[in-house]
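Can you make the complete structure from the sequences, with help from the hints?
Taken in sequence, the protein lines are chains U and Z.
Those letters in the first sequence? Residues 1 to 243, per the numbering used here, in order.
Those letters in the second sequence? Residues 1001 to 1212, per the numbering used here, in order.
Rather than coming from a laboratory, the hints here were simulated on the basis of the structure.
Keep in mind that a hint or two might mislead.
20 Å max Cα-Cα, derived SDA-like pairs, lysine to any residue [unchecked claim]:
| hint | chain 1 | residue 1 | chain 2 | residue 2 |
| --- | --- | --- | --- | --- |
| 1 | U | Lys156 | Z | Gln1098 |
| 2 | U | Lys156 | Z | Lys1181 |
| 3 | U | Lys50 | Z | Phe1011 |
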Amino acid sequence: MKINLRTILIIIILLTTISLLFQQVLVQLYLVLISLGLILLSSHRKKNMKSLQQRFQGLIKLFVILFLMQIIFRNEGNVYMEWGIVKITDQGVNYGLISTLRITLIILLAALLFQRPFYDYLLAFHSWHFPYEISFLIASVINFIPTYRSQFLTIKENLYLRGIYFRKLTLFQRFRTVSQLIFPVLSRALLQVKDRAIALELRGFRLYKNRTFIYEHKLAVWDWLIQLFCLLLLVFIVKGQIL
Amino acid sequence: MIEFKNFSFSFPEQEIFRGVNLRFPLKKPVLIQGDNGSGKTTLARIISGLIPDYSGEILLKKKKLADFTETEFADKIIYIKQEAEQNFVAATLEEDLQIWQHGFSQIEKVGEERSRKKTFSKLKLTEISQRLIWQLSGGQRKRGSLAPLLLPNNKIWLLDEPAAGLDALSVKILLQLLKEKRAIIFSNRKSIYESLNPLEMEIVEKKIIRIN
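And the structure:
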């Protein structure tokens, strides 16, 4: 099923709003499951799923650290266990789970967004009557993340060719290595943006008010239905929380 | 000696190599030619260990590439990519060569600095070795990407279009370096390498055939 990007963006707004407003583990878990379902529905390529899986594998340590930090530093609520100054409380466990699930949700939603080509964003924002320049700007920012990713992958590949294996480094060594690599990666990514800006100017980017597009993204019936449902739900939830 | 036994490789949407059976010695430069998109870069990436998902066997000095450890790849093979800027990890040529020599360790072994100086001098890079790589011209970057070849090693060189973007003097230096070296050059520009009298191969219709 090909869901329109506009529908996905509305779903993402809804899911992130719910995630921010509700502090229950079960709600966060449902949100994660819904996002996972969406990814499975809209991802046609096995490669995307594999890279998502790899991303999670790489972040497991971070999840565990985050979870433990919340447990250790949040002392409010009923005490489950106590060792000297370290207390494990129900609220600590609760916040630990919520933060881990929230980060999972962010990663899943980001994966959902980055599956889409740059051009789809232009079409989506344009159909919402954003000025073309603004649409292009937002789409460029979203496109920046894959640019960084590709830069990092190239560097990882080059380190491999030199006999330096990222996954064999300790966490401390990785941080040190990344801190040394971050400047060239950022600079190269910014240079790409500069090249794109020059290319745009050469094509007279702001010269024409009316534009034609290579293809259009029309909304299907299910897109309309999902969007309507999401918007109503959003209004209902926000109203319920505020009033 | 490098040997391909029933070697095949496909991308999800395209078959690149089908049932290649071939062996050739690596005593002098080997030139592998082929049309654009025929699979030259893919083959270089496979031999360098960057693409491990092929079928059949590739043997280097009678040992299967599939059995190589990661360290063995880096110890035996040096691969220089076609796009110069794709070869660097650091901000300057000096830093980049240091990472080639001792990784991210701050400890420098005896002779490493001298070796770098010699390398830069030979490739006429001394003056620009401390400049930011992205401020260099395309040709300077290309020359810089070849610098690790001159560090003391006994590796097999995999060079993807090494002369592209180089001026006449730099091509001359490159050819001097390549003389009698165990190098596989992936290039369409046969005329440049003729003086090396290389062993010539061509990728045609998903096969690698020997020309001379």
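Right, here's what the structure says about each hint:
1. U/Lys156 / Z/Gln1098: 17 Å, holds
2. U/Lys156 / Z/Lys1181: Judged against 20 Å, a Cα distance of about 28 Å means the pair is violated.
3. U/Lys50 / Z/Phe1011: Judged against 20 Å, a Cα distance of about 16 Å means the pair holds.
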